[in-house]
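J.: Sequence:
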Amino acid sequence: MQSSSLTGRIPSSIFNISSLRMIDFSNNSLSGSFPVDMSYNLPALEELYLFTNHFNGSIPSFIWESKNLVIVRLSENNFTGGISRRVGNLTSLKGLDLSDNELTVLLSLNLTCLDYLKPLSQSFGTGEIPVEMGNNAILQRLALGYNNLSGHVQPGFFNMSSLTLLVLYNNHFSGPLPASMWTTLPNIERIYLSTNKFTGMLPSSISNVTKLTLLAMLENSLTGPIPNTIGDLKFLRRLYLGGNNFTRESSTEELTFITALTKCREFEAAELSLNQFNGFLPSSIGNFSASLQLLEGEIPNGGPFVNFTDQSFLQNSALCGSDRLHFSPCKTETHSKSRSKTVLRYILPPIVFGILIVAVIVYLWASKQRQSVGLPQTDFSLPHTWRKFSYLELLKATDSFSTKNLLGTGSYGSVYRGTLADGSNIAVKVFHLQSEGAIRTFDSECEVLASVRHRNIIRILSCCSNEDINALVLEYMPKGSLESWLYAGNYFLNFLQRTHIAIDVGSALEYLHHDHMPPIVHCDLKPSNILIGQDMTACICDFSIAKLFGEREVLAQTKTLATIGYMAPEYGTEGIVSPSGDVYSFGIILLEMFTLKKPTDDTFGEELNLKQWVMESLRESSIMDVVDSNLIGQDDVQLQGKKECLEDIFHLGLDCLADSPHGRINMKDIVLRLKKIKAKLLK
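So for the sequence shown, UniProt numbering puts the first residue at 1; every next one is plus one.
These are calculated hints, taken from the structure and not from any lab test. One or more of the hints may lead you astray.
Said to hold, decoys possible - Straight-line alpha carbon distances no greater than 27 angstroms define the calculated BS3-like cross-link-like pairs of lysine-lysine that follow:
no. : residue 1 : residue 2
1   : K234      : K388
2   : K642      : K597
3   : K675      : K479
4   : K211      : K197
5   : K675      : K642
6   : K404      : K388
7   : K211      : K404
8   : K683      : K642
9   : K676      : K643
10  : K678      : K597
11  : K678      : K642
12  : K643      : K678
13  : K642      : K680
14  : K643      : K597
Said to hold, decoys possible - Here are the in silico distance ranges between beta carbons for each label pair:
no. : residue 1 : residue 2 : range
15  : K388      : M22       : 31 to 37 angstroms
16  : S33       : G480      : 31 to 37 angstroms
17  : N494      : T409      : 42 to 48 angstroms
18  : K683      : D659      : 30 to 36 angstroms
19  : K404      : T183      : 18 to 24 angstroms
20  : G480      : K197      : 41 to 47 angstroms
21  : D636      : Y391      : 50 to 56 angstroms
Every residue gets a Cβ at the ideal spot worked out from N, C-alpha and C, and that includes glycine.
Model the full assembly from the supplied sequences, consistent with the hints where possible.
T.: Rendered as structure tokens:
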């Protein structure tokens, strides 16, 4: 019964059908609470999906008695209180998702039965983590990211000897990390501790977590040198330590840990920007990658550098020492030769090591495919690796790119639906090789999509490029685009669904503008570039003209025009690109979603546009004249509440549409206001 526009309460009789194995009422407008004294008889229940509704009160008590439950998803409701200690009775539970509710208590749980704990994110809990949670010898995956948890993490918490994944990022933890954590987690593979307030140093005992493949500790207050023993982690692939106060060893000016990392033969990427290293890269950096930019000094002779061309060092005019690469000879004065001949050196303040964002995003050997360097949002998949698709495989999947599988066509290519041999669906974006700019666009979109990872951004499966085809293989979004949902006669989005979509799109832009390094501007946001998934989750797509911003870059210029009606004034007149341009496009879409009027509608012209039309309706208290007539009726039982929410949405949209980029609201504030509107709507 998911996505069936259901309202009211779930009939109590359903909870006494003893043979039921699955209940799915997700993505409706159901409401009410589940009384504690209500009779429940669901001994066979294995899967429960109640997410994206308006339920309130305590979490249903029958959940803790249904011992065969495997998956429980109650996200995006208004449940309050905490989790019963009886969760320990659920010996078959693999997935628990309580995100985006109003739960306020993180109890001391018996989690020894769980080998998979879904992130309890977005308003899950406050306070410290109970040390008793460390007594779970079976728990394999634990994520408590995106909460308001605080305090010191006690040594006993890290006694989970079977743990392979630990996610504590985006909380308020403080103090030093217990030294014991590096010796009591023998099976840990991935650790995410970013965006907290952890202090102290990384100990040499870090080498004891021998199975570690990823360590993310961005944006904390960690200090001291990075121990050279980090090079003993032979499976380490990714290291994210940017935004701390790490320094170099006092006994040398070289960053010796870089040399140590060359022993990690699986190593792929590092992000070390915004620290206090203030030193030199050793010549052993030559054992890493061809992607060194914004550097100065002599180009090493070792490693893959012997095979590089001058194209490998574009925009690095301060390099020297290689006639073959058309660089001038290095200076030979006595006072400078000892350093400049043997090392590559970072430009020092005011850039202050920011160039490590590029220089040590290393991909082991030049043949490695590009991979994501972002942190996961709310998924627990293994580190993303691209599957290789042959041209013949894509031909077969799309029935030779048959028109019956054509999903859409743009300036640079076409998108087809494909079905793989295992029955799974994909979307294949094929770039027109004969189209001017198509190859540049293909490279740009590959670069952007390879670096992002967010639930509201289309997921890339592979980039395919050879003499036959340039194509992106993407996840398939079965419910089409927002444009089709707004304007195709057989679709309808209710008020809450439109609000959810706005939050999804806003969250994606917030990530691109504020959380991704470097920031990304989409540049062509419009309803046809917003796709809807099976669970009505919205994802933005088509990054063909997106712009990646450099360190300290706040605006750029482009000659590529976005879509008329959605592009900001400064974009169309001067080609100026900035995050504020995406904000403008978002504001237009927000007004369009609730008025069902395109900015290019025949109603508008030189005398009137969508912004002015909505502004006038607010001024004259006549918003019912501009709202989509199918969205609110005069006999609607929630008329007044919806009108108030609609006014809030229109005001928010107008705040996105200031003529000056500097006068527009940012995406963080937009998402915050949208979530408040959603909460108001659900009351």
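J.: Could you tell me which of the numbered hints above are not met by this structure, giving the numbers in increasing order?
T.: 7, 17, 19
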